[in-house]
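Residues per chain, in single letters:
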Amino acid sequence: VRPRNLQQAVERVIGVAVLVVVALGPVLFSTYWVSFVLTQVFLLGIAGASLIFLSAYGGMVSLAQVSLYGIAGFVVGNAVTTGESKGLNLGWDPWLGVLLGIAIATAIAFVFGALASRSTGIYFLMITLTFAVIANLFFGQVTTFSGFGGISGIGTPDVIGNVSANPNRLYYVALVIALLVYVAIRYIVRTPFGLTLQGVRDDPLRMASLGYSAPLHRTMAFGFAGFIASLAGVLYVWWNGQIDPASIDIARVLDLLVICVIGGLYRLEGAWLGALAFVVIQNYVRTDSLPVIGGTFHTLIGLIFLVIVLISPGGLMGMWDLLFQGARRVAGGRSLAAPVNESEG
Amino acid sequence: LGSVPRIVALGLVAVALVWIVFAAKPCTEFGCTGVQTAFGSAVDNPHDFVITLLNGLTAAGVYFVVASGFTLIFGLMRVVNMAHGAFFLLGGYIALKLQRRFVGEDPAFGLLSEQVDFWQWLAPALVAALLVGFLGLGVQQVFLRWNQGQELRQALITIAISIILADQMIAHFGSFAQDISWPGVLDRRVDVRVAGVEYTLTRLFILAAAIVVGLGLWAWLKKTRTGMVIRAGVDDRSMVTAIGVNIQLTFAIAFFVGSALAGFGGAIGGSFASLGPGVDANWLLYSLVVVIIGGMGSLPGAAVGSLLLGLVSSFSAAYLPANYTFYSIIFTFVLLAIVLAFRPLGLFGRPA
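Residue numbers (my numbering), protein chains in the order written: chain A, 1 to 345; chain B, 346 to 697.
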């Protein structure tokens, strides 16, 4: 397929280059980068992609994605651990745990989605935030499933093995899942379902008068996003070996939002770009007290977040798009396409 | 099919009422088994029932003070102030520091209530409310005035501010839990003359303060010119602007008052519970739940939402089977789900 314009051509070249680099990751990067930075970028990017899918194509900014991935992670933890840990300690097969984790998280996502499906915009943001806080408190208080200390010693299937001994296996698994998620979302937004979802985003009233149910589309989209988030959750517990309520508390919920906003809420690639920026800053700003104002990494990331929202609501990907729009304007090219849903309400 | 959630919801409410009033059986002295509850049913054990009721009402009072500020700002400006919880916590910390300065001591384990006079509680609370009010005003003027109508962007801006404030508060006030001391005159029990209950005066004071705040807001909105403009602005902002009202001034006033209520709520909440990292998120959650239940932007909605949230959390903690009380958090979610199933815009909500 021929690229439509210069921007698409450049993006394809960059995309192929990035693919080659990450495919050779274990050769090119240190073990720390492979096992800690990049694997985390892939899995946070998957969670971010579920949020960006909802926001870019459904007009729903959801703060429940971290909770959904946490639910998948807690289910895996309860199902596969034996004996020493908190939770149910069912000691089942790791693959059964994964299936259950994904199935339960997706089912809960459908319930959340059905409850929130009649709201949009900031109402949706608030309702999903309450889901998120309640999920966090639930796992903190209900000692049957977790309790405050969380579940540790969560094993992986034999294919992945010991993550600290062989980090490359999990790295490639995370990479492949991230790619599949990217392709699946790109595919689904071109299906009739994806197109009607975008119709519901732009004009719910008109879509309703054409006979499409807006709440049903939002619920389905939310369920699908919950499925993707649950994949990230499974990868997270494999990577981390443990999960506790603090892994899904409000700070983590906002971290994922920060990732998506920095990367760009309106383009899928932004999820991984934002995750890379976030993880790198988090790892290399290891100060307990910033100069002048004090505070830690979170003050810095909050300031970056604030600046991004103030100057470019589309995040880094939005700046990238603007760059090419500007170039086209200077070149006197064809008229600008309107920026995609930059303002809500 | 649409009536199914309603039938389920009504059934749940009915079961809960029958359980609390007639059916609950208390634990014996040998411990709790099966579905025995910490408190017996209302007909058997009115004393504990009245205490649970009062606990719910007084918690509702704090929820109302905090959430009324949130709903005031939202109703007029359509700004979801996600930094409301951070404003609450900052108000609490300011009151705490001022109280310790006024008393002249800063002991590691907090002040004793005998050391604190009534004005040494009230003055810090009011100063905290004022300072947080001015902070809110500054935030609105700098960050929110020029991008009105971009609701999501404004919500993201306030989220960024809340992240920065939360981290700064840990840096400057420490990360361990602290609380503001009640004055000695309030820190005692009084006989409420119902079912032989002696109840703490501080909690009744909270309830009274919430009622004063509620009546004050009501009088302000109903009886003054500013209040009239605010009510008109809630209904039709562009019309109010068109007839020559300075809506920007009204926005500034509303944001000041809304933030000041968060700060005052922080002083009350910091005396009633405690202050520490994560507390801001909890109180943002309470405000969100209250206004989602009650309807965004509605003052009566905030009152009813606070009552429902306070009563449901208090009763679910006391009347769930004692071995399962940790499930009470789910009831907040169930409450939200029931209300959204009936009215997606909340009990008093109206379409924007």
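Source of the hints: derived by calculation from the structure; they are not laboratory data. Glycine is no exception: its CB is placed at the ideal position from the N, C-alpha and C atoms. Watch out, some of these pointers could steer you wrong.
[Said to hold, decoys possible] In silico SDA-like cross-links for lysine to any residue, where the CA-CA straight-line distance does not exceed 25 Å:
#1 B:442 to B:464
#2 B:567 to B:582
#3 A:86 to A:242
#4 B:370 to A:141
#5 B:567 to B:554
#6 B:442 to A:17
#7 B:370 to B:673
#8 B:370 to B:402
#9 B:370 to B:359
#10 B:370 to B:398
#11 A:86 to B:670
#12 B:370 to A:143
#13 A:86 to B:582
#14 B:442 to A:290
#15 A:86 to A:157
#16 A:86 to B:665
#17 A:86 to B:554
#18 A:86 to B:671
#19 A:86 to B:567
#20 A:86 to B:675
#21 B:370 to A:144
#22 A:86 to B:442
#23 A:86 to B:380
#24 B:442 to A:293
#25 B:442 to B:524
#26 A:86 to B:662
#27 B:567 to B:584
#28 A:86 to B:376
#29 A:86 to B:524
[To be verified] Facing chain B, according to a computed beta carbon distance under 10 Å, are these residues of chain A, among others:
#30 115
#31 194
#32 195
#33 210
#34 213
[Said to hold, decoys possible] Away from chain B, derived, C-beta distances all over 10 Å, residues of chain A:
#35 9
#36 26
#37 29
#38 35
#39 91
#40 118
Here is how each hint holds up against the structure:
Between residue 442 (chain B) and residue 464 (chain B) the alpha-carbon distance is near 15 Å, which keeps this suggested pair within the 25 Å criterion. Between the alpha carbons of residue 567 (chain B) and residue 582 (chain B) the distance comes to roughly 17 Å, so the proposed pair stays at or under 25 Å and holds. In summary, the hint linking residue 86 (chain A) to residue 242 (chain A) is supported, as the alpha carbons are separated by about 11 Å, within the 25 Å threshold. With a C-alpha separation of about 24 Å, the suggested pair residue 370 (chain B) and residue 141 (chain A) falls inside the 25 Å cut-off, and the hint holds.
Restraint check: the Cα-Cα separation between residue 567 (chain B) and residue 554 (chain B) comes to about 20 Å, which is no more than 25 Å; the hinted pair holds. Between residue 442 (chain B) and residue 17 (chain A) the CA atoms are separated by roughly 56 Å; this puts the pair beyond 25 Å, and the hint is violated. Restraint check for residue 370 (chain B) and residue 673 (chain B): the C-alpha separation of about 18 Å stays at or below 25 Å, so the hint holds. Between residue 370 (chain B) and residue 402 (chain B), the direct Cα distance comes to roughly 24 Å. Compliance with the 25 Å bound is thereby established for this hinted pair.
Distance restraint check for residue 370 (chain B) and residue 359 (chain B): the Cα-Cα separation of roughly 18 Å lies within the 25 Å cut-off, and the hinted pair is therefore satisfied. The straight-line distance between the Cα atoms of residue 370 (chain B) and residue 398 (chain B) is roughly 18 Å, inside the 25 Å bound, and the hint therefore holds. For the given pair, residue 86 (chain A) sits about 18 Å from residue 670 (chain B) by alpha-carbon distance, which is consistent with the 25 Å threshold. A threshold of 25 Å between alpha carbons decides the hint, and for residue 370 (chain B) with residue 143 (chain A) the separation of about 24 Å falls inside it, so the pair holds.
With a C-alpha separation of about 54 Å, the suggested pair residue 86 (chain A) and residue 582 (chain B) falls outside the 25 Å cut-off, and the hint is violated. Only pairs whose Cα atoms come within 25 Å are accepted, and residue 442 (chain B) paired with residue 290 (chain A) is accepted, the gap being roughly 23 Å. Our distance criterion of 25 Å between C-alpha atoms is met by residue 86 (chain A) and residue 157 (chain A), whose separation comes to about 20 Å. Of the pairs offered as hints, the one joining residue 86 (chain A) and residue 665 (chain B) holds, with about 23 Å between alpha carbons and a cut-off of 25 Å not exceeded.
Taking the CA atoms of residue 86 (chain A) and residue 554 (chain B), the gap is about 43 Å. The hint is violated against a cut of 25 Å. Of the supplied pair hints, the one linking residue 86 (chain A) and residue 671 (chain B) holds, its CA atoms being roughly 16 Å apart against a limit of 25 Å. Straight-line distance between C-alpha atoms of residue 86 (chain A) and residue 567 (chain B) comes to about 55 Å, which puts the hinted pair past the 25 Å bound. Proximity of residue 86 (chain A) to residue 675 (chain B) is assessed by CA-CA distance (about 20 Å); at most 25 Å being required, the pair is judged to hold.
Restraint check: the Cα-Cα separation between residue 370 (chain B) and residue 144 (chain A) comes to about 23 Å, which is no more than 25 Å; the hinted pair holds. A hinted pair counts as satisfied when its Cα atoms are at most 25 Å apart, and residue 86 (chain A) with residue 442 (chain B) does not qualify at roughly 40 Å. Distance check on the hinted pair: residue 86 (chain A) and residue 380 (chain B) sit about 24 Å apart at the alpha-carbon level, within 25 Å; holds. For the proposed pair residue 442 (chain B) and residue 293 (chain A), the alpha carbon gap of about 19 Å is at most 25 Å, so the pair holds.
At roughly 10 Å between alpha-carbon atoms, residue 442 (chain B) and residue 524 (chain B) fall within 25 Å of each other, so this suggested pair holds. A C-alpha spacing of about 23 Å is found between residue 86 (chain A) and residue 662 (chain B), which places the hinted pair at or below 25 Å, so the restraint holds. In summary, the hint linking residue 567 (chain B) to residue 584 (chain B) is supported, as the alpha carbons are separated by about 19 Å, within the 25 Å threshold. Taken as a hint, the residue 86 (chain A) and residue 376 (chain B) pair is honoured in the structure, with Cα atoms around 24 Å apart against an allowance of 25 Å.
Among the hinted pairs, residue 86 (chain A) with residue 524 (chain B) is inconsistent with the structure: their alpha-carbon atoms are about 32 Å apart, more than 25 Å. The interface hint given for residue 115 (chain A) is met, as the beta carbon of that residue sits about 6 Å from the closest beta carbon of chain B, less than 10 Å. About 21 Å separates the beta-carbon of residue 194 (chain A) from the nearest beta-carbon of chain B, more than 10 Å, and the hint is not met. About 23 Å separates the beta-carbon of residue 195 (chain A) from the nearest beta-carbon of chain B, more than 10 Å, and the hint is not met.
Because the smallest distance between the Cβ of residue 210 (chain A) and any Cβ of chain B comes to about 21 Å, over 10 Å, the interface hint for this residue is violated. For residue 213 (chain A), the suggested interface contact is broken, since its CB lies about 12 Å from the closest CB of chain B, more than 10 Å. Residue 9 (chain A), annotated as away from the interface, keeps every beta carbon of chain B farther than 10 Å; the closest lies near 31 Å. With a cut of 10 Å on Cβ distances, residue 26 (chain A) stays outside the contact zone with chain B, its closest approach being about 34 Å.
In this structure residue 29 (chain A) is separated from chain B by more than 10 Å, as the shortest Cβ-Cβ distance comes to about 30 Å. Every beta carbon of chain B lies more than 10 Å from that of residue 35 (chain A), the smallest distance being close to 28 Å; the non-interface claim holds. At roughly 24 Å, the least C-beta separation between residue 91 (chain A) and chain B is larger than 10 Å, which holds for a residue marked as non-interface. Residue 118 (chain A), annotated as away from the interface, has a beta carbon of chain B within 10 Å; the closest lies near 4 Å.
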